[in-house]
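Engineer: Residue strings, one per chain:
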Amino acid sequence: MTKHRKTLPLHTVQLVNESRRGFMKAGAGLALGIYLSPLLGDAADVLAQAPAAPPMPKVPPSAFLRIAADGGVTVISKHLEMGQGTFTGLATLIAEELDADWSRVSVEGAPADVSKYGNLAFGGAVQGTGGSTAMAGAWQQMRMAGAAARAMLVAAAAEQWQVPAKDITVSSGTIAHKASNRSAHFGEFAEAAAKLPVPENPTLKTPDQYVLIGKDSVRRRDSAAKVNGSAQFTQDVHLPGMLVAVIARAPRYGAKVASFDDSAARAIPGVVAAFAVPGKDKTYEDGVAVLAKDTWTALKARKALKIEWDESRAWRGSSDSLLADYRKLAATPGAVAVSRGNAAAAIEGAAKTVDAEYSVPYLAHASMEPLNCVVQLTANGGCEIWNGEQFHTPDQGAVAAQLGATPDKVLIHQLYAGGSFGRRANPKSEYILQAVQVAQLAAKAGHNVPVKTVWSREDDTAGGYYRPLALHVARAGLDAQGNIVGWTHRIVGQSIAKGSPFEAMMIKDGVDESLIEGISDLPYDAAALHVDLHIADNPVTTQWWRSVGHTHTGFAAEAFVDELAAAAGKDPYVFRRERLDKHPRERGVLDLVAQKAGWDKPLAKGKDGERRGRGIAVHKSFGSYVAQVAEVTVHKDGSVKVDRVVCAVDCGIAINPDVIRAQMEGGIGYGLSAALHGAITFKDGLVQQSNFHDYKQLRIHEMPKIDVFIVPSEEKPTGVGEPGTAVIAPAFVNAIANATGTRVRQLPLDPASLRA
Amino acid sequence: MTTLHVNGKTLTLDVPDDTPLLWALRDAAHLTGTKYGCGIAACGACTVHVDGQAVRSCVLPVSAVAGKQITTIEAVDGDAVGKAVQEAWRKLDVVQCGYCQSGQIMSAVGLLKVVKQPTDEDIDRAMAGNVCRCATYVRIRAAIHDAAASLA
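Top to bottom, those sequences are chains A and B. Here the first sequence stands for residues 1 to 756, where the numbers follow full-length UniProt numbering. Here the second sequence stands for residues 1 to 152, where the numbers follow full-length UniProt numbering.
All the pointers check out, no bait thrown in.
With a cut-off of at most 30 Å between alpha-carbon atoms, the simulated DSBU-like pairs for lysine-lysine come out as follows:
#, chain 1, residue 1, chain 2, residue 2
1, A, Lys166, A, Lys178
2, A, Lys215, B, Lys91
3, B, Lys91, A, Lys641
If you're looking for bench data, these hints aren't it; they were derived computationally from the structure.
Between the sequences and the hints, there should be enough to build the whole structure, so can you do that?
Structural biologist: What follows is the structure, encoded as C-alpha cells:
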C-alpha cells in the first residue's frame, strides 16, 4: 500500500506562457489525419499544409452571423452542438468582438459547405466536429468575423451620423456617439453595414478588454430550449408524409439474409412495406427494414418479421478469445512507433523492474438519443438530410457518391444531437449511408417520402461501432534512486482507420497514431523508451469514443506510472512531478490539483473500517492538460464509491469557464461510467448486452462531488470535450490501490477482486 | 381512437390501445419534448406526470391512462414547482446535450411536490432512474436544491 507522507512540498501554480508554435500540428495532428476526406483531394498535401496558423479562407462575416432589424444577432455555428457547449463558445467569440448584447444572441447550425465552414484545425478541408477542435480551430476566425461586422456597423453609423468612426463606441449591442448624444441598436444599421466592404484586418481586442470571454456571467445559449422541451433533435423531426423505418440487423458480423417472411408484420395496421437492406462491405451488415406510419408500429412490426439468417460465414468470436489472441500477439515484437535509447537493455540492468498488463473492453457510446437519421430523396438526384450532423462534408461526400450525385445536391439540415461522444462522426458514414439506402429502397417500393430511420436502444447497444478492445503490456526499470532508466510498452488493438477511407493516410508502416497517442508522447523523463504495437484484425466495427486512444493509453500510462512510484517508494505526486521538468504545463495542472485536493493532508478515514484512498493522474490530450485526484471508499463487498474528484485543467485561454467546468464534470462522469460498469462483450459472435439494464451507466448516486480548477493562461484555446475523460480511469484505479493495495489493471472494475 | 387529457387539453388520437403513452405523445400528438431513450423504463427520458405522479411513459399503454390528467415538459411551467425547477436548470446551466433533461425535470418536479426540502439521499432515490450520459448529475443535484430553496 502506498502511504502518503504527512507533509509534502506543494508547488504554487504560475501562469504558463510558453511559446507553443506548432500547437495545432502537435495537438490536433491525429484528429487532422482522422478527419481529412480522401474525397477532397490529396490528403497528404492537405496534411502538409496544416501549419501552426492554417490559412484562413476569405469568408464574409455574413457566413457566421446575421443581424436582424430588431437588433437580434444570430450566430451560425459551423460545429455540431452535441452537449459540449460549442454553440455557446463560437457565439461568445463573435459576440465579444461584435460587442453584442449576449441576451440577444441566438445560435443555429450551419449547413454543410466546406468553402465557408471548413474546420481550420483539420486544415480547413473538411467540415466536421471532433477531436475537441472547435474552439482551437475557430478562435481566430470567429473573432475576426465579429470584429469585421462591428467595424462595418460603426462605418455605417459614422456615415449616417456624419461623425468620425473613431468617436463611435459600441457596447452590448448599442452603437453610440456620445458628443452628439446619439445611439442606435445594431438593427438600425445592419442593412447599411451589409453593403460596405469587409475590412481585411480588423483590430481584435486584447484580453484586458474582454467582457464575455472568460466570464462566468456568459450562460449557455441552448439552455432555454433544452429545458422546455422545444429543442429539436433528429428524433423529433416530423415531416408531411414521413414514414419511420426500423431495421432488423444481422445478429452476427458476416450473417446474410437467406429469406424472410413479412406477412405477419405487414398485417399490422400502419405498416406500409418491408424489404431487405443489403449490407455494405466493412461498413454495415445485412438487414430487413420495416416501413410504417409511426415509430411504435415500426418497432412492433419488426418483431413480427421471421428472418432466416445464413450464418455459414458469420464471425463467432468472443471477447475472451480475442483477448487471448491479443496476448499471443503481445508476446511478439510489433511495429515500432518510438524507439529512444535501448530500453530493453536498460531494463535488464536496472535495480528494479516493474511489469504490468492492462486491458479495456469494447464500449458503446450509448448516447441518450439512439442513432437516427431522416432522409428525403430529391428530384435533382440528391437528397435532403435532417440530422445531428457531426461529420458534415465527409458524410455529404459519401452520400453523394452513393446517390451518384455531386455533393452540392446533398442538403443537410443541422439539428441538436442528443449526445454522440464520437458516434455521429462515423469514419465510414455508416448510419447515414444506411438511412439513405433505406430511403432509396422505400422509393423503389413506391414510397418516395421522407424516411426517418430509427435505432432502438437495443440496436444502438448491439449494432456495432465500439471503442476498441485494447491490451497494453508495459515493462520498466528503475535505478536505485527511482529514476526510470527504460520503459517498453506494447499495445494490441484494432485500428479505427483500418477498412475506412482513412486507412491509407492514417496507418503508416503499421503504426496508427490513434492507438498509441498518449504513450508515444509520454511526458516523463525516461532515459530509454520503446513503444510498439500490433494492429489486430477482426470483424468487430470500431470507432472513436470520447478521447479516442487516450481512453486506454491514459489509463495504462498513468496506472503504470503509479506502480513505478510505488516501486520506487515515492509519493505518486512527487514521483510524477520530479519527472516532468521539461513539461511545465503537465506539471502546472499536477501542482494545482495536488494543492486544491489537499494532497499534503491525510484523507479522512472511512466509517466502520471502510477502506479509503486517493489517486492522482495527469494526462495531455487534444492539446489540453488535465490532472485529477480521485478519492474513493472501497466497501467490504468490494464495490467502490468515488466520493470526490478534484480536477485541474489547462486548456489555454478559458473562453467559457462554466462550460469548461461542465465538460470536466461530464467527461469525468463519462469515463467513470466506463471504469465502473462499461463493457460490450462478445460470446459466440453475439453482443451480450442490449439495453441500460445490462449495459449499465453511471447514475446520480454514483456521481462524485467534483471541483474543477482552471489554470490561468494566455495560450491559444484547446479542447475540453474529451480531455477530462481520459484521466479519471487511472486516478480511480490509483485511488483503489492506495485504499486496498490491489492494482486494478483490467476495466471495468470487478468488485469481487476487492472484497475485504 | 384514444382520448387523452394532456396539458389541460383533450386529444383524440388515432393509435391502438397498446401504444405506449410515449409514442402517442410523440408521434400522434407531436409533443416531442418527451423523449425515447430505452423503451424499458430504465433511463427516465420519457418521464411525464400522470395525475401528478412522475411515471415512465415508454411502458405505459394509452389504455392505462384513459381519463387521467397527463402533464408533459411542454406544460410543466403551469405550476410554481415546475417553474422553479426550470428556472434553476437555466440558472445553473444544467443541460449539455439536453436529450434526457425533459425527463430529469419531470422527475425533479415530481420529487419536489412530495418532498419540499430534499436531502442528497432523497435526490439520489428520486433521480436514480434518470440516466444522463453527459453526466450532468452534479448540476442536477444543485439545481434541485436551488429550486427547493426558491420555493421555501
